[in-house]
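For the sequence shown, position 132 matches number 188 in the working numbering, and the numbering has no gaps at all.
Please keep in mind that the hints were generated in silico from the structure rather than gathered at the bench.
Accuracy of the hints is not assured; some may be wrong.
To be verified - List of simulated lysine-lysine pairs, DSBU-like, C-alpha gap at most 35 Å:
hint: 1; residue 1: Lys128; residue 2: Lys104
hint: 2; residue 1: Lys163; residue 2: Lys237
hint: 3; residue 1: Lys74; residue 2: Lys138
hint: 4; residue 1: Lys173; residue 2: Lys128
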Amino acid sequence: MVDDKTFESCMAGLETFKASKFLMVIFGGAGDLCQKKLLPTLFLLYKKGFIEDFTILGFGLPEMTSEEYRKKAKSWLQENLKEPFDEKIYDEKFQKHLLFETADLKKAENYSNLCKKITQITKDDPAYNLMYYLAVPPVLFPTIVHNLSDKELCRRRKGAKIIVEKPFGHDKKSAHALNLKLLEAFDENQIYRIDHYLGKETVQNVFFFRFGNVLFEPLWNRNYIDNIQITVAEDMGIENRAYFYESATVIRDFVQNHILQLIALIAMEPPANFDQESIRNERQKVFKSIQAFDEKKIDDLVVMGQYESGVVNDKKVAGYLDEKGVAKDSKVPTYIAAKFFIDNWRWANVPFYIRTGKRLKKRCTEIAIQFKYPPLRLLGHKCKDLDANTIVFSIYPTQKVSLTFNVKFPGMENIPYPVDMVFDYKGVFKVDTPLAYERVLIDAMKSDLSLFARQDGIETMWGIVDPIIKAWEKKKTLCKYKSGRRGPKEADDFIKKDKRAWRIF
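All chains should be built: construct the whole structure from the sequences, respecting the hints.
Here you go:
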């Protein structure tokens, strides 16, 4: 248990930060992302006292007044907040910080109005922290950036930042073009490319677990670790997003960003300093060391599947081909299992197995570090096989870190038995962990880029997955799996060839 004095000291440190004098312009301020993620997160940060003296300016369509926007925002918060909605705080305080400006984002003249609105709000105070949040489809990014630059609202605006949501391009070539467009208007240290997975508390704890404890880091290498498994399983389908998923696929949606970032966090070397550039440099070294996929050998390293109808959480669900907006002959993968290798001294020949997909048995996100088996059966030939020591970072549904090790089962016989030592966030700290978006927005306000992707990282990650995408585009071969299962049988056979097995979720 954490003693009260230490706990209070840590909490006091957290509570000292307050973001003030900032204006967040949300392009697409009435869109899905703003309704479900941004406004709920900003409301929670306000309730917790992390932000004050601020303005949130929604910019875009449909046409509405600020008063109408506040009414809509209230209903969005009531629907999407993960905790009870505090109507009094909203009515008496929070809503006063919300404004809306109707604008067709494709028309240059509307950015002149934006310029006037920004001046009106900030009064050209150089202490104001100005943030542009692009909560719009990527096709609009170049237009918005061009118009911001044209009105000198970017590089020359002291303290200006731009926050960009994935997808960062469609492949390496388009990602490079997008980065060039951003860099025409902003410096790299003004660009915040969000990957909210890095904002999850358990994910961040991988860093502290490794580098804050002398016990584990000496074992964190090919000499002791047999394999690593990363699972990101979802029980939901595409949620009426066929327009996005038909082009994104599971590869672009999850592997190119979230999963590669998790691999980098597990595999990175200790940074020289605990600062944003040192940390991002080490992640980039991992990306550059990931073994390139040979298109001719792709079938030995990757399995892709597509869900059929089935039962999830006791409810019948449609197959992917029956989803609204999906082509009846679609070959888009909704599941992938793959094996990555990192060509460096620490990780040579250690497989990083990943799997992610939709309409699986249940929602589960975890990173499992499986150590090698003992070299000798010193406990006697009558003993059953020992379980491998395993460290598991559970990200969802519970947030915990567990270590599996073997002990003797009580009795007269020599029977080894696996047990777990568990650190559970809620059990230890008695508080809810911050949402991932809370952390990344606070870091953006602090100008801390540690949890954000960098230009070179984005392009290197695309370079890793592009061969997988090209191989799929040529063959379009998929393994079918029933909704409500753990994936296609071929994925089990895939890892079984290596005399290993997936962890059961």
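Tested hints:
1. Taking the CA atoms of Lys128 and Lys104, the gap is near 22 Å; set against the 35 Å cutoff, the hint holds.
2. Under the criterion of a C-alpha separation no larger than 35 Å, the hint pairing Lys163 with Lys237 is consistent with the structure, at around 18 Å.
3. Between Lys74 and Lys138, the direct Cα distance comes to roughly 23 Å. Compliance with the 35 Å bound is thereby established for this hinted pair.
4. Distance restraint check for Lys173 and Lys128: the Cα-Cα separation of roughly 21 Å lies within the 35 Å cut-off, and the hinted pair is therefore satisfied.
In this structure, every one of the numbered hints holds.
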